[in-house]
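Colleague: Listed below, chain by chain, are the residues.
Protein chains: 4
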Amino acid sequence: MKYTARGVEGLKIAYIGGGSRGWAWGLMSDLASAGDMHGEVALYDIDFEAAKNNEIIGNKFNGIEGATSEWTYRATETIGEALTGADFVVVSILPATFDEMESDVHTPEKYGIYQTVGDTTGPGGVIRALRTIPMIEHIAKSIEKYCPNAWVINYTNPMTVIVRTMYRVFPGIKAFGCCHEVFGTQKLLAAMLKEEYGIEGVKRDEIKVNVTGVNHFTWLTSAKYHDMDLFKLYREFVDKYAETGFTKGKDENWMNNVFECSHRVKFDLFNRYGYIAAAGDRHLAEFCEGKWYLENPEAARAMGFGLTPVSWRKENLKERLAKSEKLRSGELPVEIKETGEDGVKQMRALLGLSDLVTNVNIPNKGQIPNLPMDAVVETNAVFRDDSLNPVSAGDVPAEIRALIMRAVSAQEMVVEAGLTRNLELAFAAFCNDPLVTCSLSDARELFNQMVENTKAYLTEYFK
Amino acid sequence: MKYTARGVEGLKIAYIGGGSRGWAWGLMSDLASAGDMHGEVALYDIDFEAAKNNEIIGNKFNGIEGATSEWTYRATETIGEALTGADFVVVSILPATFDEMESDVHTPEKYGIYQTVGDTTGPGGVIRALRTIPMIEHIAKSIEKYCPNAWVINYTNPMTVIVRTMYRVFPGIKAFGCCHEVFGTQKLLAAMLKEEYGIEGVKRDEIKVNVTGVNHFTWLTSAKYHDMDLFKLYREFVDKYAETGFTKGKDENWMNNVFECSHRVKFDLFNRYGYIAAAGDRHLAEFCEGKWYLENPEAARAMGFGLTPVSWRKENLKERLAKSEKLRSGELPVEIKETGEDGVKQMRALLGLSDLVTNVNIPNKGQIPNLPMDAVVETNAVFRDDSLNPVSAGDVPAEIRALIMRAVSAQEMVVEAGLTRNLELAFAAFCNDPLVTCSLSDARELFNQMVENTKAYLTEYFK
Amino acid sequence: MKYTARGVEGLKIAYIGGGSRGWAWGLMSDLASAGDMHGEVALYDIDFEAAKNNEIIGNKFNGIEGATSEWTYRATETIGEALTGADFVVVSILPATFDEMESDVHTPEKYGIYQTVGDTTGPGGVIRALRTIPMIEHIAKSIEKYCPNAWVINYTNPMTVIVRTMYRVFPGIKAFGCCHEVFGTQKLLAAMLKEEYGIEGVKRDEIKVNVTGVNHFTWLTSAKYHDMDLFKLYREFVDKYAETGFTKGKDENWMNNVFECSHRVKFDLFNRYGYIAAAGDRHLAEFCEGKWYLENPEAARAMGFGLTPVSWRKENLKERLAKSEKLRSGELPVEIKETGEDGVKQMRALLGLSDLVTNVNIPNKGQIPNLPMDAVVETNAVFRDDSLNPVSAGDVPAEIRALIMRAVSAQEMVVEAGLTRNLELAFAAFCNDPLVTCSLSDARELFNQMVENTKAYLTEYFK
Amino acid sequence: MKYTARGVEGLKIAYIGGGSRGWAWGLMSDLASAGDMHGEVALYDIDFEAAKNNEIIGNKFNGIEGATSEWTYRATETIGEALTGADFVVVSILPATFDEMESDVHTPEKYGIYQTVGDTTGPGGVIRALRTIPMIEHIAKSIEKYCPNAWVINYTNPMTVIVRTMYRVFPGIKAFGCCHEVFGTQKLLAAMLKEEYGIEGVKRDEIKVNVTGVNHFTWLTSAKYHDMDLFKLYREFVDKYAETGFTKGKDENWMNNVFECSHRVKFDLFNRYGYIAAAGDRHLAEFCEGKWYLENPEAARAMGFGLTPVSWRKENLKERLAKSEKLRSGELPVEIKETGEDGVKQMRALLGLSDLVTNVNIPNKGQIPNLPMDAVVETNAVFRDDSLNPVSAGDVPAEIRALIMRAVSAQEMVVEAGLTRNLELAFAAFCNDPLVTCSLSDARELFNQMVENTKAYLTEYFK
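Line by line, the protein sequences are chains C, U, D and F.
Going by our numbering, 333 is the number at position 333 of the first sequence; the sequence numbering is gapless.
Going by our numbering, 140 is the number at position 140 of the second sequence; the sequence numbering is gapless.
Going by our numbering, 395 is the number at position 395 of the third sequence; the sequence numbering is gapless.
Going by our numbering, 262 is the number at position 262 of the fourth sequence; the sequence numbering is gapless.
Because the hints were derived from the structure by calculation, they are not lab data.
Some hints could be false.
One copy or two, it doesn't matter: identical chains are merged, so the pair holds either way.
Quick list of in silico lysine-lysine cross-link-like pairs, BS3-like style, CA-CA up to 30 angstroms [to be verified]:
#1 LYS203 x LYS345
#2 LYS174 x LYS365
#3 LYS60 x LYS455
#4 LYS323 x LYS2
#5 LYS2 x LYS232
#6 LYS365 x LYS345
#7 LYS232 x LYS174
Being a predicted model, the structure only gives us computed values, none of them experimental.
Whenever a hint applies, use it, and build me the whole structure from the sequences.
Modeller: Right under this line is the structure:
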C-alpha cells in the first residue's frame with residue numbers, strides 16, 4: 001500500500017466467505033464511499049461461483065453515485081491466492097448449511113428447549129462451534145502462512161469461540177471480532193432521549209458507553225450523553241416500560257429489522273442487576289437460565305420477542321439468491337447505502353487515517369481484570385495506526401460476574417474441546433448450558449442426536 | 001493460659017450454641033481425651049436451660065475411663081460472659097427452628113424443586129443464609145468486643161456464608177470453618193484401597209489430598225497414598241462402580257450414618273470433569289443443575305442417595321432430647337468415643353502442641369489464585385503456634401471452575417444481601433441458583449412464600 | 001452548564017494556584033481559542049494579589065485576535081468560593097518557595113548527589129512530596145466538600161504522589177494528572193522522520209504510541225506512523241546518534257526551551273532495554289542509579305544535558321513577575337499562542353465535544369496488569385462524555401519492570417509516609433532512592449538537614 | 001522402591017556433584033540415621049575419582065554406631081547411569097573452580113565494590129549464574145530423559161537462578177531448593193528467648209515462622225513460640241543490641257561457624273522496615289544498596305561481619321581434601337553427627353513417612369500473590385506423600401516489596417540472559433545491581449573483565 005494525496009492506495013482486502021449474499025454487498029457499499037481507501041478485494045468462497053458473482057457485483061460500484069473510492073473485486077480459486085499480500089482479512093462465513101442450523105435450533109425443541117438464534121450459545125451454539133473450530137483452524141493457519149501481518153476482522157458466529165480459536169492456533173494473529181449488537185442499545189438510549197426527553201437527533205455513537213462482557217452478552221456499566229448520566233434516566237424509563245416493552249424508535253437497518261424485540265428482557269435484567277444489558281433480547285435470553293425467558297415460544301412472545309425459525313432463514317436465502325442474480329445481471333442497480341457497521345471505519349483507523357474508539361472482541365489483557373486472562377471479551381478499544389488497544393473496562397460488577405463467567409467458562413471448554421476434537425469435553429459444556437434444562441440422560445441423548453445430524457461437518461472428531 | 005508439664009492449663013473455650021444435643025457431647029469427649037489441654041468451657045445458648053443441662057453433662061466427663069484432661073463446664077447467661085477471656089470460640093448454632101427448615105426444604109417441592117439437605121445452597125440455603133447473617137453479625141461483633149484475639153471455629157451451615165460474614169463484620173477475626181465432608185471422601189479412597197487392592201488399615205488422614213473449592217462442593221485435584229497416585233486407581237474404580245454405586249466400607253461414625261450415599265454422583269462428576277468431588281453426594285447434588293440429580297425423589301434414589309426430610313430431623317431431635325435427659329440424670333453414662341472431627345486437633349496445633357495440616361474454610365488470600373480474593377474457600381491449611389496459613393491449592397481446573405464460580409458468586413451476593421438487608425439482591429441470587437428450575441414468575445412467588453414462612457426470623461429485613 | 005449552538009456555556013473552572021505567572025497565561029490563551037466552551041474561571045491562590053493580577057490579565061483575552069470563546073476571570077479569597085459549582089478544577093501550585101526548592105536540589109550536592117530537576121524523585125522529590133501531601137490533602141477534602149463531581153486536572157509535581165494522594169484522601173475524586181513530557185518524545189520521533197527519512201510535516205499526535213510507566217519515567221512499547229513501525233527506524237537512529245546526541249528539531253515551545261537535552265540518556269536506555277524512554281533526559285536520569293548519568297555535573301554535560309540550578313528559577317521568576325506587571329498594565333498586550341498542552345482538549349472531550357486519546361496519570365485499574373493496582377501510572381486514556389478510561393497498555397516489559405517498580409514502591413511509601421506524617425517511613429524510601437548513593441549514615445544526616453531546611457512547611461510532621 | 005516393615009526399601013538417590021568433600025558426608029550421616037529409608041546412592045561427579053572416594057567413604061557408614069539404615073554407595077561414570085531409576089536427585093555442585101570464584105568476588109574490589117559471599121547476587125552472583133545456567137540446563141534435560149518423576153533437591157548457589165532454570169528447561173520437573181539460612185534466624189530467636197527471657201531448650205523448629213521473599217533475602221512476617229508473638233520481643237531485643245550486635249547463642253554447626261555475624265544488619269533492617277530479615281547478615285548485605293553495609297571492609301567489620309575471601313575457601317579446600325583422604329583410608333573414622341539440614345526429612349515426608357512443613361524455594365503459584373507468578377520464591381511448604389505444596393505467605397509487605405522485586409527482576413533477567421546466551425541482557429541486570437555502585441562505563445569495563453576471567457566456562461556465550 002502507499003499513502004498518497006487520495007489517502008491510501010493499493011490496499012488489499014481478502015474476503016473469506018466472499019460469496020455471501022448480504023454482508024458482502026454492505027461492505028462493498030461502505031468501501032465505495034470510504035473516500036480515502038482504494039485497492040483490491042479478493043473474494044474467496046468454497047462456492048467459487050458465488051464469489052465470481054460478487055466479483056461482478058462489486059465491480060459495478062465504481063463510479064456510481066456517492067462512490068468516492070475505487071476498488072477492484074476479484075474472485076480467487078484458492079485461499080492462498082486471496083490472502084497473499086492482504087492488508088486486511090474479512091472472515092464472514094456460514095459454517096455448513098441451514099440444514100445443520102435447522103438441527104442446531106430445532107432438535108432441542110423435542111426436549112422442551114427453545115432457542116431464539118442458536119448460533120452463539122445454548123445447545124445450538126455448542127454444536128455449531130464444534131463444526132466451525134476446524135474451519136477456523138484452517139483459516140488461521142493460512143493467515144499465518146500467507147499474510148501474518150494482516151489485520152483480521154471476524155463477523156462469523158459464534159464470535160467469541162472463533163476469535164479465541166484464531167489466537168489459540170496462531171498467537172501472533174492481529175484478529176478482532178466485530179458485532180453491531182451494542183449499537184442497537186445505543187440506539188435504544190437515543191430513542192429514549194427523543195421519546196421521553198424530547199432530545200432529537202442524537203446519533204448512536206454520541207452515546208458514550210463503557211462496554212463489558214462477552215459478545216451477545218455485553219453489558220454497559222456507564223452510559224453518558226454530554227453531561228447526562230443515562231443510567232438515571234434509564235431507571236425511570238424501565239419503570240415506565242418494564243411491563244409493556246418499548247417499541248418506538250426501531251432500527252430501520254436492513255440487516256436487523258426482522259429481528260425485533262421490545263426490550264423487556266433488557267428491562268427485566270436491569271431491574272434485577274442494575275446494569276444495562278447491551279444486545280438484542282433474543283441474544284440476551286439465550287445466556288440466561290432457560291426457564292427465565294425461553295420456557296416456550298409463548299413465554300418469549302409474551303416478553304416481546306420471537307424465535308427465529310430456520311425456515312425463515314431458508315426462505316430469506318432464496319430471496320437473497322434472487323436479489324444476487326438481479327444485481328449481477330443489472331436488473332437491479334447497485335447503490336450506496338450506509339450499513340451502520342464499523343468495519344470500514346476500523347480499517348481507516350488502523351491505517352492511521354483517524355482515531356476510532358468502538359467496541360470489539362479480543363483476548364483479555366487486563367481490560368476486565370476479574371475475568372480470565374486471554375479469554376475473548378468485548379470492551380471498547382482504540383483503533384489507531386496499525387494498533388488496537390483495549391480500553392480498561394474495570395472489573396465486571398459482582399452482580400453479573402456469575403452470569404458472564406458461566407458463559408466464559410463454557411466458551412473456553414468448547415474451544416478446548418474443538419481444538420482437541422474431544423466430544424466428551426464438549427458434552428461437559430453442553431450439559432451445563434443454562435438452556436439445557438432437561439435431565440442429564442436426555443441431555444446426553446440430545447447431544448448425540450445433534451452430533452449425528454451434523455456429522456458430515458464433524459468428520460474431524462471421528463478420525 | 002499457661003504452658004506447664006501437663007501441656008496447656010487454664011484455657012477458656014466459649015461455646016456459642018452450647019445447649020446443643022449432639023455436637024456438644026462429641027466435643028466434650030474429644031476434649032476429655034486431649035491429654036495436654038485443660039481449662040474451662042463456657043456454654044452460651046439462647047436456650048439457657050439446654051446449656052445448663054450440658055454443664056451438668058460436661059462436668060461428668062472428668063475422671064471417667066479414658067479421660068486424660070480436666071475441663072470445667074459452666075453455662076453463662078450472656079454471650080459476653082462466655083466470650084470474655086476466651087482463647088477459643090466454637091460457633092455451632094441452629095439458626096431458628098426445624099419449622100423454618102421445613103419451609104426451606106419442602107416449600108420448593110411445590111414448584112418441582114427437591115433438595116437433599118437445604119442448608120447450604122439452593123432455595124433453602126439462600127433463605128437460611130438470610131436469617132443467619134444477622135445472628136452471625138451479632139456474634140462477630142461480640143467477639144470483636146470481648147475476645148478479639150480468640151480463635152473462632154465455626155461448625156454452623158451455611159458454612160461459607162457464615163465465615164465470610166464474620167470477616168466482613170470484623171476483618172481482624174481469627175475465624176475458620178471446619179467440616180468433615182472431605183474426610184468422607186478420604187475414607188472412600190481408603191475403602192477402595194482395601195476392597196479393590198487389598199491394602200488394609202489405611203487411615204483417612206494417610207490419604208494425602210489437595211483440596212480446592214468451596215464447602216460442600218470441594219474437589220480433590222490430587223490424592224496420594226505413599227507413592228501411589230490414587231487418581232489412576234480411582235478411574236478404574238469409577239469404571240467398575242459408576243452404574244451400581246459403591247456401598248462397602250461405610251462410615252460408622254454416629255454423626256453421619258443416616259446420611260449415606262452410594263457415590264454415584266461423585267462417580268458421574270469424575271467421568272465428566274476428571275476430578276474427585278469430595279463431599280457427600282447429597283451435598284454435591286445441590287450444587288449441580290437441578291435436573292442432573294435432583295429432578296425428583298425417584299431420580300435421587302436411582303442415583304443411590306435419599307432426600308433428608310425435615311420430619312426425620314424433628315423425630316431425631318426428640319430422641320436426642322431424651323438422650324440428653326438420660327445423660328443429665330446419669331441414667332445413661334457419658335463415655336469417651338472419638339468423633340473423628342478435627343476441632344480439638346486444630347486447637348492443639350494452634351497452641352503449638354503439634355503441627356497439623358487439614359482442610360479448612362477461610363478467605364482466599366491466593367491459595368486459589370483463579371477464584372476471587374477474599375471469598376471463603378476450602379483448601380488445606382497449616383495450623384501451628386497461634387497461626388493458620390492456607391496451603392496453595394493452585395488454580396482450580398478450568399473444567400470445574402464454572403461450577404464453583406457460580407456458587408462463589410451466589411454466596412458473595414447473599415452475604416451482601418444479608419449485610420445490607422436487601423431482599424431484591426437476595427432474589428437475584430435465588431433465581432439464578434442451579435436448583436431453581438422453575439420459571440421466573442414462579443421463582444418470585446416461591447421466594448416470597450419462603451420469606452413469609454420464616455418472617456419471624458427476618459425482622460431485620462422489614463425495619 | 002448548558003449545551004447550546006455555541007457549544008457549552010456557563011462552565012466554571014476553578015484554578016488552584018491561579019496566581020501563577022506562566023502556566024495560567026497559557027491556559028488563558030488555550031481557553032480563549034477553544035471556540036465552543038464559555039464561562040468563568042475562578043482564580044484562587046494563597047497570594048491573593050497574584051490571583052487578582054491574573055483576573056485582570058485573563059479578562060483582557062476576550063475579543064482579541066483569534067479569540068473564539070468568552071471567559072470571565074475572577075479572583076476569589078477562599079478556596080470554597082472558587083470550588084463551589086466548579087465543573088473543572090485545575091491544580092497548579094508551587095509547594096512552598098524556591099528557597100525550599102534550593103534546599104531540595106542543592107543540599108544533596110554536599111554528599112556528591114546531583115539532581116537535574118529535583119521535584120519528582122531523588123532526595124529532592126521525597127522532601128518536596130512530604131511538604132506537598134498535606135497541601136493536597138486540604139485541596140482534595142475541599143473538592144469533596146464543594147464540588148465532588150468536578151473533573152480535577154493536576155499539573156503540579158511530584159505528579160504521581162499528588163494524584164495518588166488525591167485518591168487516597170477522596171476515593172471518589174475524578175482527578176488525573178497531565179504532563180507534556182511524552183509529547184517531547186513524539187516530537188523527537190517526528191524530527192527523526194524529517195531529518196533521516198525526509199518525511200515532513202508530521203505532527204506529534206500523528207505519532208501513535210503505547211505509553212506505560214510512571215510520570216517522568218514513561219516508556220513507549222510501540223510507536224507507529226501510518227503503517228511504519230518506528231521502533232525499527234529508531235534503532236538505526238540510535239545507532240547513528242548514541243555517541244553524539246541528536247540536537248535537531250528542537251521544541252520551540254516557550255515552556256520547554258531552557259530545558260534541552262540531546263537524548264543521549266534516552267538512546268543509552270534504548271540500547272540497554274530495547275524500549276523508548278519517553279521523557280526529557282533530565283527526568284529520566286533521576287530515576288536511574290545515581291552513578292549512571294548524574295555522577296557529577298561534568299558527567300551530565302557529557303551526556304548532553306545540564307542540571308537546572310534553582311538560582312536560574314529564581315532569576316526566571318523575576319522576569320516573569322516583570323512580565324506579569326506589563327501584561328496587567330497593558331504595556332505588553334496579551335496574545336493567543338497555542339501551548340501544545342492537552343488540558344483544554346481534555347476538557348472539551350470530557351464535555352462530549354469530541355473524543356480524545358492521550359496519555360494521563362491515573363490509578364492503575366488493570367491498564368498495566370503487572371504493576372500494583374491503584375498505584376498511579378501513566379498510560380493512554382480515552383476522554384469522552386464525562387468519562388475517562390485508561391487504555392490497556394499490557395504488561396510492562398520484564399526488562400524495565402524492575403526500574404519502574406522501584407519508583408512505584410518508593411512513591412507508595414512516600415504517600416503513606418506523608419498521609420501518616422511518618423518521617424521514619426519517608427527515610428526508608430529516601431535511603432533506597434537510586435540517587436542516594438552515599439552511605440547510610442550520610443543519608444541519615446542529609447535527610448535530617450533537608451527536613452530542617454524546609455521545616456517551616458513540615459509543621460504537620462512535628463505536631 | 002517398596003514399603004515394608006522397615007519403612008521404604010530399594011530407594012535410589014542420584015547425587016550430582018557426588019565427589020563433594022563436605023556436604024556429601026553430611027548427607028551420608030543423615031541417611032545412615034534415617035531409620036526407615038534404605039537403598040542406593042549413585043554418586044556422579046565430573047571428577048570421577050572424587051566420587052569414587054566418596055563411594056568408599058559412604059559404604060563405611062553401614063553398621064557404625066547410630067546407623068539405623070542401610071545404604072550402598074556407587075560412583076557412576078555417566079550422569080545417565082546415576083539418574084536412571086532415581087527416586088531422588090541431589091544437586092550440589094561447584095560451578096567451575098575457586099579460581100573463577102576468586103574473579104567473581106575480588107575483581108570488583110578494584111572498582112570499590114566489596115562482596116561478602118559473591119555467589120548469589122552482586123556482580124559475582126551474576127557472573128556465576130551465567131556459567132552455571134548451561135550446566136543446570138544439561139542436568140535438567142538429563143533428568144527429563146532418565147528420571148522425569150524423581151524429586152530433585154538443589155543445594156547449589158545461586159539457588160533461585162538454578163531452580164528457575166530447571167523449571168524453564170523442564171517444566172514438569174519436581175524440583176525444589178533447600179537452604180538453611182532461615183534456620184539460623186530461628187536459632188537467633190531461640191537464643192533471644194534464652195538470653196533475654198530465660199526460656200531454655202527451645203528448638204529452632206519450635207519457632208514457627210511465616211517465611212517470604214527470595215533465597216538469602218528471606219523475611220519473616222510472623223514468628224511465634226506457643227502463644228508468644230516474637231515480634232514484640234524482638235523489638236525490645238533490637239533496641240538493646242542494635243548498636244553492639246548480639247553474639248551469644250552462636251550456631252556451633254560445622255557448616256556455618258566460619259561465617260558468623262552479630263546480626264546488626266538484621267537489626268538495622270528491622271528498625272527501618274519492621275520485619276525480620278531471615279538470612280545471615282553476609283547474605284542480606286549483598287541485596288542492599290552497596291553503600292549501606294558494604295562500602296568497604298572496615299564498614300562491614302564495624303557492622304559485625306566479615307568478607308569471606310576466596311583464599312580462605314582455597315585453604316579450607318586443602319583441609320577438606322586431606323580429611324577426605326583420611327576418611328577414605330580409615331585413618332579418620334566416619335561418624336554420625338546430625339547436620340541440622342532438612343534434606344533427609346524432606347525425602348521422608350515425600351515418601352509419606354511423616355508430614356513436614358519447612359521453607360523451600362519453588363516457583364510462585366500464588367503463595368506470594370504480589371510477586372510475579374513463576375518466579376522462584378522462598379516460603380514454607382507442606383511435604384507429604386509424593387507432593388509438595390507451598391503455604392500461602394500472603395502479600396509481601398509494601399515496605400520491603402521494592403527491595404525484593406529488584407532482586408526478583410534481576411534474577412529473571414539473568415535466567416533469560418543465560419538461557420538465550422545474551423550477554424547484553426546480563427549486563428542490563430549487572431549494571432542495575434545494588435552493589436554495582438560505580439559509573440556506567442566502569443561497570444561495563446568490570447563486566448567485560450569478569451567475563452574474560454571466567455571465559456573458559458562461558459564458551460556457550462561465544463559460539
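Colleague: All hints, please: hold or fail.
Modeller: Against the structure, the hints:
no., hint, verdict
1, LYS203 x LYS345, "both (16 angstroms within a copy, 22 angstroms between copies)"
2, LYS174 x LYS365, "both (14 angstroms within a copy, 25 angstroms between copies)"
3, LYS60 x LYS455, "neither (40 angstroms within a copy, 71 angstroms between copies)"
4, LYS323 x LYS2, "neither (36 angstroms within a copy, 50 angstroms between copies)"
5, LYS2 x LYS232, "between (48 angstroms within a copy, 19 angstroms between copies)"
6, LYS365 x LYS345, "both (24 angstroms within a copy, 28 angstroms between copies)"
7, LYS232 x LYS174, "between (38 angstroms within a copy, 19 angstroms between copies)"
Violated hints, in rising order: 3 and 4; the structure is consistent with all others.
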